[in-house]
Every structure is written in structure tokens, then in C-alpha cells.
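**Student:** Letter by letter, the chains look like this.
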Amino acid sequence: DTAVSQTPKYLVTQMGNDKSIKCEQNLGHDTMYWYKQDSKKFLKIMFSYNNKELIINETVPNRFSPKSPDKAHLNLHINSLELGDSAVYFCASSQDVEEQFFGPGTRLTVL
Amino acid sequence: AQSVTQPDIHITVSEGASLELRCNYSYGATPYLFWYVQSPGQGLQLLLKYFSGDTLVQGIKGFEAEFKRSQSSFNLRKPSVHWSDAAEYFCAVGANTGGFKTIFGAGTRLFVKA
Numbered sequence: 001d002t003a004v005s006q007t008p009k010y011l012v013t014q015m016g017n018d019k020s021i022k023c024e025q026n027l028g029h030d031t032m033y034w035y036k037q038d039s040k041k042f043l044k045i046m047f048s049y050n051n052k053e054l055i056i057n058e059t060v061p062n063r064f065s066p067k068s069p070d071k072a073h074l075n076l077h078i079n080s081l082e083l084g085d086s087a088v089y090f091c092a093s094s095q096d097v098e099e100q101f102f103g104p105g106t107r108l109t110v111l
Numbered sequence: 001a002q003s004v005t006q007p008d009i010h011i012t013v014s015e016g017a018s019l020e021l022r023c024n025y026s027y028g029a030t031p032y033l034f035w036y037v038q039s040p041g042q043g044l045q046l047l048l049k050y051f052s053g054d055t056l057v058q059g060i061k062g063f064e065a066e067f068k069r070s071q072s073s074f075n076l077r078k079p080s081v082h083w084s085d086a087a088e089y090f091c092a093v094g095a096n097t098g099g100f101k102t103i104f105g106a107g108t109r110l111f112v113k114a
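These protein sequence lines are chains A and L, in that order. The first sequence lines up with residues 1 to 111 when you count with my numbering. The second sequence lines up with residues 1 to 114 when you count with my numbering.
These are computed hints drawn from the structure, not numbers from a lab. Keep in mind the model is a prediction, meaning the values are calculated, not measured. Incorrect hints may have been included.
Selected chain A positions facing chain L (Cβ under 10 Å, derived; list incomplete) [unchecked claim]:
(1) 4
(2) 55
(3) 92
(4) 96
(5) 103
(6) 107
(7) 110
Computed footprint of chain A on chain L; a stretch qualifies when at least three of its residues, placed anywhere within it, have a C-beta under 8 Å from a C-beta of chain A [unchecked claim]:
(8) 37-47
(9) 80-88
Glycine residues also receive a C-beta, built at the ideal position from the N, C-alpha and C atoms.
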């Protein structure tokens with residue numbers, strides 16, 4: 001059973017398009033996260049949701065909009081994609097301050 | 001604000017040799033400390049964590065780490081490296097600041113030579 005799953009695994013798109021990445025966790029965790037990992041492997045938190053409520057919103061362009069329909073799902077919608085958005089996006093979940101469980105990542109390439 | 005420094009961008013060790021990956025953190029209170037490993041094309045997996053108590057913590061795959069408050073360090077060690085340990089290793093510090101947030105270091109890439 002996959003604990004944290006993301007779709008799609010790869011996403012190639014043109015500049016200016018709008019795209020979404022979906023994330024689901026079956027661990028019963030209350031908190032979910034989105035991270036961006038750049039080409040140098042630097043991992044930076046973007047958003048955190050706890051029980052469908054946004055609790056962390058780092059300095060991220062407002063073209064990025066997370067949505068949590070329930071505590072098992074956290075989706076990421078990106079408007080007007082730019083070249084600099086190319087990265088690997090990881091979803092993760094945790095229960096309080098315990099370890100985070102990461103999804104396999106979505107590699108986004110903007111052409 | 002909390003931060004994490006991993007001074008080594010990459011390290012190469014021979015299979016069977018010992019390993020130590022360095023990590024220094026900056027945080028005002030007692031931190032939550034983690035080491036994660038990322039194999040190519042994969043997500044991150046927790047190796048071990050320190051919250052309190054014994055400063056030497058054991059993790060999976062034969063890894064251990066020692067918390068040294070005086071040096072603000074949390075170095076990762078393994079006595080004998082296997083070729084399958086080649087991966088990217090991330091040290092991280094977590095804090096409750098209006099929501100639990102984990103700050104990751106830049107990572108250390110481990111190469112293992114036969």
C-alpha cells in the first residue's frame with residue numbers, strides 16, 4: 001500500500017499553461033506539506049496544511065494555490081507556469097512533530 | 001530563525017569504510033533533528049530522529065547520529081558503508097513556530113567506490 005502518492009510522476013508543459021498536481025496519503029495524518037526541490041537538490045517548504053487548514057505559507061508566488069478537500073488530500077495548482085517553476089515537487093505528511101513521509105515526487109518541466 | 005548547514009556537498013568513501021556526514025544547526029531552543037536519505041528518483045526516507053533523551057540515536061540501515069548541543073551538531077555515522085548507501089543525505093531541523101516546520105540542509109551526496 002502506497003503511503004503518500006502523487007500524480008502525475010512527470011509533467012511537461014509549455015510556459016503560460018495551468019497545471020495541477022495531486023497528492024493523497026492513507027496514513028491518517030493530520031498535516032500535509034508541499035516542497036519544491038530545485039536542480040541543486042535544495043528542498044524548500046512551500047505550504048503546510050493541518051486538518052484542511054493552511055498553517056504555513058512560505059514566500060511563494062500567488063500563482064501557486066494549494067487546496068485540501070479533506071485531510072487525506074492536498075493538491076497544488078499552478079497558474080501561468082514559468083521556466084523557473086521547473087523542479088521536483090514533493091508532497092509529504094506527518095502527525096504532529098513526528099517524521100514526515102514523502103511521496104515519490106512530481107518532476108515538472110516547463111518549456 | 002532556524003537553519004541547517006551541511007558543509008560537504010559530496011563525499012566519496014570506499015565500500016566497507018566508515019562514514020561521517022556533518023550537520024550543524026541553528027535554533028534557539030532544543031531542536032527536533034532528523035536525517036533523511038534520498039535515493040535517485042525517489043522521495044525522502046527517514047533514517048533517524050532526535051527529540052530528547054539519549055544523545056546517541058540509532059536509525060535504520062545501520063546508521064547512527066550524535067546530538068552535541070555544545071557544538072550545535074548532529075553528525076551522521078555508519079561504521080561500514082555498503083554500495084547501496086550511495087544517495088543524497090539531508091539533515092533537517094524542525095520547530096513549532098505557528099505550525100510545525102522542517103528546514104532542510106542543502107544535502108550531501110554520498111558516492112561509494114568499490
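**Student:** Can you give the numbers of the hints that this structure goes against, from lowest to highest?
**Tutor:** 7 and 9
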